[in-house]
Amino acid sequence: MVEDVTDYVTALIRKGIQLGASDIHFEPTIEGIVVRFRMDGYLQVIETKEEGWGPPTVSRIKLMSGMDIGERRLPQDGGFTFQTGEEAEERSIDVRVATLPTIHGEKIVLRLLPHETKYQSLSSLGMSGENVFEIRKMLARSQGMILIAGPTGSGKTTTMYTMLHELQRHGRNIVSLEQPVEYRIPGINQVQIHPRAGLSFHEGLRAVLRQDPDVILVGEIRDKPTAEVAVRAALTGHLLLSTIHTLDSVGTVLRLLDMGVDPYLVNSALTGVVAQRLIRKRC
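Under our numbering, think of the first position of the sequence shown as 230, with each following residue one higher.
Worth flagging that the hints you see were computed from the coordinates, not collected in a lab.
Quick list of in silico lysine-lysine cross-link-like pairs, DSBU-like style, CA-CA up to 30 Å:
1. K336 with K278
2. K366 with K453
3. K244 with K336
4. K244 with K278
As the structure is a prediction and not an experimental result, all values here were calculated from the model.
Using the sequences provided together with the hints, build the complete structure.
In structure tokens, the structure reads:
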């Protein structure tokens, strides 16, 4: 069973990578375990396994992720690097893992994060020519705050990294603050946020401002302290990119005001908002 479970987990991760899944869900049920892949923003059932496969599968993934396999009552976070093992083109994938105890057992979600960036230009994201032109106009500025808005799973991070790739061509000092670092980009100073160690987005951003940056990426604006420092950075000669969980451009402005940022600062610092959704396309 041990070898079977090991091969089973490895095969599923490899299949998820081949199909372009962003997440793999292992969901316990009364009958066994259901495996679903998130592809193009939608969850699709890939397969089900009978009763008896759930606990060994969960234990195997927790072991790979450096988690405590004996702790089943509390949520845990971990991760590992997966090698695809394909002879033609071997790739390294960072896998971020999170568990959640449910009434039927532990549910596990694997987030697949390729080391290489998938998109190299804004036009490859499916945006209209007019939108690409407007975004590039915003990126051409030397200072200001550009926010990417949308619900969870709408591709905000991909758009933000693609913007960074465009800016990287101009020989700028680019620093990012992320939790976690989802894609590794050569030539960009990427900083991993560690709240438990005292390195929050707020504290990290204050430190970055002393590093003579031209462009700053903040993974997400979540609270008033981070928003205030981000606005200050955008008003003092820095171009700042970040994401925010709102539904549209107007909602982004209202969210900043709700966080306690003064209206005149929002007006002065905010260069633009890119509000987006994922849509299905014919393959």
